[in-house]
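Peer 1: Hey, can you work out the whole structure from these sequences and the hints?
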Amino acid sequence: MAASQPSPEPRPAPRPRLLHLAAAIDGTGQYRAPYFVELARLAERGRLDFVTLDDSLGPPGEGRGRLDALAVLSRVAPDTGRIGLVPTVTTTHTEPFHLSCAVATLDWVSRGRAGWRAEVSTTEAEARLIGRRAAAPAEELWEEAGEVADVAARLWDSWEDDAEIRDVATGRFIDRDKLHYIDFESARFSVRGPSIVPRPPQGHPVVAVDATDPVARPIAARHADVAYVKATGSEAARVIREELRRRAAGYGRDEDALTVLAAVAVDLSDGEPAAELPPPSGPLAARADGLPLYRGGPVDLAELIARWHGAGAADGFHITPAVPRRDLERFVNGTVALLQHRGLFRTFYPGTTLRDHLGLTRPANRYAQPREAAR
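When the sequence shown is numbered by UniProt numbering, its final residue is 375 and no position is left out of the sequence of numbers.
Careful, some of the hints might be misleading.
DMTMM-like, lysine to aspartate or glutamate: derived pairs with alpha carbons at most 25 Å apart [claimed, not checked]:
1) Lys178 / Asp162
2) Lys178 / Asp150
3) Lys178 / Glu160
4) Lys178 / Asp161
5) Lys178 / Asp167
6) Lys178 / Glu164
7) Lys178 / Glu147
Keep in mind that the hints were calculated from the coordinates and are not lab data.
Peer 2: Put into structure tokens, the structure is as follows:
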């Protein structure tokens, strides 16, 4: 009689996917801090993961200027307590050393709530504004952006967490054995380090990338903690999300450590649609800037978010309000409240940092590990 085969061990149940929500707080022609503070506090009241503020190297349009997103969110930080703060930072024409120091500073002043969205500058007009180099193809610039993200992470690790000793008796402020040269060299730049800013509270502030363009997806899969996807339908979003997760796994990453958000503009001006109109179940329209547009009411938007999330199309949504104050308020008071009532979104922040909100662990310091192993 053949020996009986052992029954296979049951596979562990998949971890429930958390729903993540974020919002843009852009404001054309806005130059005063209270505007941005008000919107960030409103998003925080809804327990959103983070807010974003767009920026670019392009010349201001229609005679209007633009504030520096990193500086604005550094001002917003003291007037908020839990919401993540993610400015857009252009890696083209920007020194990676200065970029890493600026983002680390935002993480310190926000007590661990900083991130940054990497962007590239592809136009000749923007290159002429800086005057250092000519424009380059997008693929080359995104490869450079990946190197910048790598350098930033190394510089954040160049201080060990306990490098500051502040020993008054001996007059020693820093343990020099816990500062490290990163000695990064490539065809584009070389950075020796260490940083001039101590290691940020999160270890590594969160990195975000718009992965809609296929040329940006390798960088998103390799370096990003959050990826945005602009897709007018859930199936298109799901295909891109699965591609990003496969690529992330190919780089040796935990694919669950990459949060993929569907980026959508929302216009909630009409309230709920009339009863005879069907809910928005078909593809979304697209604005001139390529951002998918939802127009309707908070209830149907909550249904759309739940449906896309449940189908694996996205881990959550990043919304850009058509009219910032009006639509963000209706989103928080209506859509988010409904998602919370259904148990699909948090009603309190489980931690204090942006990495906590996203379910990410604090990374180990790459330079401290070899010494700890030697001990």
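Peer 1: Each hint should be assessed against the structure and marked as holding or not.
Peer 2: Against the structure, the hints come out as follows:
no.	hint	verdict
1	Lys178 / Asp162	holds (8 Å)
2	Lys178 / Asp150	holds (20 Å)
3	Lys178 / Glu160	holds (5 Å)
4	Lys178 / Asp161	holds (8 Å)
5	Lys178 / Asp167	holds (15 Å)
6	Lys178 / Glu164	holds (9 Å)
7	Lys178 / Glu147	holds (24 Å)
Consistency note: the structure conflicts with none of the earlier hints.
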